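Heads up: the sequence lines are chains A and B, in that order. Numbering follows my numbering, in which position 93 of the first sequence is assigned residue number 93; successive positions increment by one, without gaps. Add 1000 to the 1-based position in the second sequence for my numbering, that's all there is to it.
It should be emphasised that the hints constitute simulated quantities derived from the structure, not laboratory data. None of these values were measured; they are calculated from a predicted model. Beta carbons: idealized from backbone N, C-alpha and C, even for Gly. There may be inaccurate statements among the hints.
[Stated by the list, open to error] Here are the simulated SDA-like cross-link-like pairs (lysine to any residue), alpha carbons at most 25 Å apart as the crow flies: (1) K1107/B to Q88/A; (2) K1107/B to P94/A; (3) K60/A to T1053/B; (4) K102/A to G1064/B; (5) K114/A to T1065/B; (6) K1107/B to H91/A; (7) K1096/B to P65/A; (8) K1096/B to R17/A; (9) K1052/B to I64/A; (10) K57/A to R17/A; (11) K60/A to K1107/B; (12) K1181/B to H1170/B; (13) K114/A to E1043/B; (14) K60/A to Y1037/B; (15) K102/A to K1181/B; (16) K1107/B to D21/A; (17) K102/A to F1038/B.
[Unchecked claim] Derived contacts from chain A toward chain B, CB cut-off under 7 Å, selection only: (18) S80; (19) D81; (20) V82; (21) R107; (22) R111.
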Amino acid sequence: MTVGEHIGHRIRDLRTRYNNDEGISQETLASELNVAANTISRWETGIYIPSVPDLVKLAKFFGIPITSFFPPEEMESENSDVLALLRQAKHLNPDDLEELIKYAEFRKARRIYKGRSRPKAGRKSQKK
Amino acid sequence: MNLSSDHYELKALARRVRAENGLTSARVLQTDLRRIYFNYGIEIDYWPYPFKTIRGAFMCDDIGTTVMLAQNLPNDPMVFTMAHELKHYLTDRHLKLSYCDQSVFSKAIEIGAEVFASEFLFPDHLFIEYMNRLNVKRNLCTQRTLVDLKLQTRTTLSYAGLAIKAERLHYASPRSLTRLKGWRNLEKLQSKKV
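Assemble the whole structure, with the sequences as input and the hints as a guide.
Shown next, in the form of structure tokens:
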């Protein structure tokens, strides 16, 4: 399974299990994330891979770390000294520390994402 | 090395980086800093989610060299934070992580970053030059003087930063300016006069 497919399956899983398995429609999720209605479907089927900022939005919406969209073996292969340091930080405001850890996870996710993403299918060249 | 000689060197570093990047005035813009970051290979992320006290963070590890900036910062604090984080890149990379919030301002390393940023945005020698031009004598700098100075130079150093500088360079007595508020209101009044 590719990273894109893994992310797609994860989004579908989160969406269908949302709110104690009640689920949320693709349209409603798209509206919540301020993206086009068919984008969610394209993410889930792996036609498009969400950008890292889109993954941040998804992570915020579902209340999960951005790293959980990626295969565990991919995340483990990336070291981040910063994340280790942040987990030891004690004097920061707890909310700020949590947000800073999310940012550090975002960096890590982006690193994995780079080189994995591919051009969007069907994108036409811009007219001059 | 004692604190004052450390700060002296940080100021010299700030002036050197300014010179290397063609900055000659007290008006340093976000675009100037973005260009410098780009040249150093520092990636900038404007983080859209709110922090309570954090304005920026510098991170440097296997993942890369990045600066996170709280997206909702107004222009002057944004420029100052970018200059502050630049100091961390230049001198504190070995620490791998620095964040700029009110709780760590007492740490020597963070004070150093504040000193660097202040000099980077408005070097002392330039400030003294303007004070001389405005004919401001020792201990006689007022709130209005600094508002006029900001309007004339269009500096991106905040009023708080200008007040600290004026007091430190003895153009105003200690706490005579830094405790004041209402800078923006005075600026509006002065702008109308101009």
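So, going through the hints one by one against the coordinates:
1. Taking the CA atoms of K1107/B and Q88/A, the gap is near 18 Å; set against the 25 Å cutoff, the hint holds.
2. Distance check on the hinted pair: K1107/B and P94/A sit about 20 Å apart at the alpha-carbon level, within 25 Å; holds.
3. For the suggested pair K60/A and T1053/B, the alpha carbons sit about 20 Å apart, so the restraint of at most 25 Å is met.
4. As the CA atoms of K102/A and G1064/B are separated by approximately 16 Å, the hinted pair is consistent with the 25 Å bound.
5. Taking the CA atoms of K114/A and T1065/B, the gap is about 15 Å. The hint holds against a cut of 25 Å.
6. Between the alpha carbons of K1107/B and H91/A the distance comes to roughly 12 Å, so the proposed pair stays at or under 25 Å and holds.
7. Taking the CA atoms of K1096/B and P65/A, the gap is about 22 Å. The hint holds against a cut of 25 Å.
8. For the hint pairing K1096/B with R17/A, the CA-to-CA distance comes to about 38 Å; that exceeds 25 Å, so the pair is violated.
9. Proximity of K1052/B to I64/A is assessed by CA-CA distance (about 21 Å); at most 25 Å being required, the pair is judged to hold.
10. Of the supplied pair hints, the one linking K57/A and R17/A holds, its CA atoms being roughly 17 Å apart against a limit of 25 Å.
11. Distance hint between K60/A and K1107/B is unfulfilled; the C-alpha atoms sit about 32 Å from each other, more than 25 Å.
12. With a CA separation close to 20 Å, the supplied pair K1181/B and H1170/B stays within the 25 Å bound.
13. Pair hint K114/A plus E1043/B holds up; C-alpha atoms about 14 Å apart against a cutoff of 25 Å.
14. For the proposed pair K60/A and Y1037/B, the alpha carbon gap of about 29 Å is over 25 Å, so the pair is violated.
15. Between K102/A and K1181/B the alpha-carbon distance is near 35 Å, which puts this suggested pair outside the 25 Å criterion.
16. Of the supplied pair hints, the one linking K1107/B and D21/A is violated, its CA atoms being roughly 48 Å apart against a limit of 25 Å.
17. About 24 Å separates the Cα atoms of K102/A and F1038/B, which keeps this hinted pair within 25 Å; it holds.
18. With a least beta-carbon distance of about 5 Å to chain B, the hint placing S80/A at the interface is held under the 7 Å criterion.
19. Interface hint status for D81/A: upheld, as the beta-carbon distance to the closest one in chain B is roughly 4 Å, under 7 Å.
20. Annotation: V82/A was flagged as interfacial toward chain B, and the flag holds, the nearest CB pair being 4 Å apart, inside 7 Å.
21. Because the beta carbon of R107/A sits about 5 Å from the nearest beta carbon in chain B, less than 7 Å, this interface hint is met.
22. At about 5 Å, the closest approach between the beta carbon of R111/A and any beta carbon in chain B falls short of 7 Å, and the interface hint on this residue holds.
The structure shown violates the earlier hints numbered 8, 11, 14, 15 and 16.
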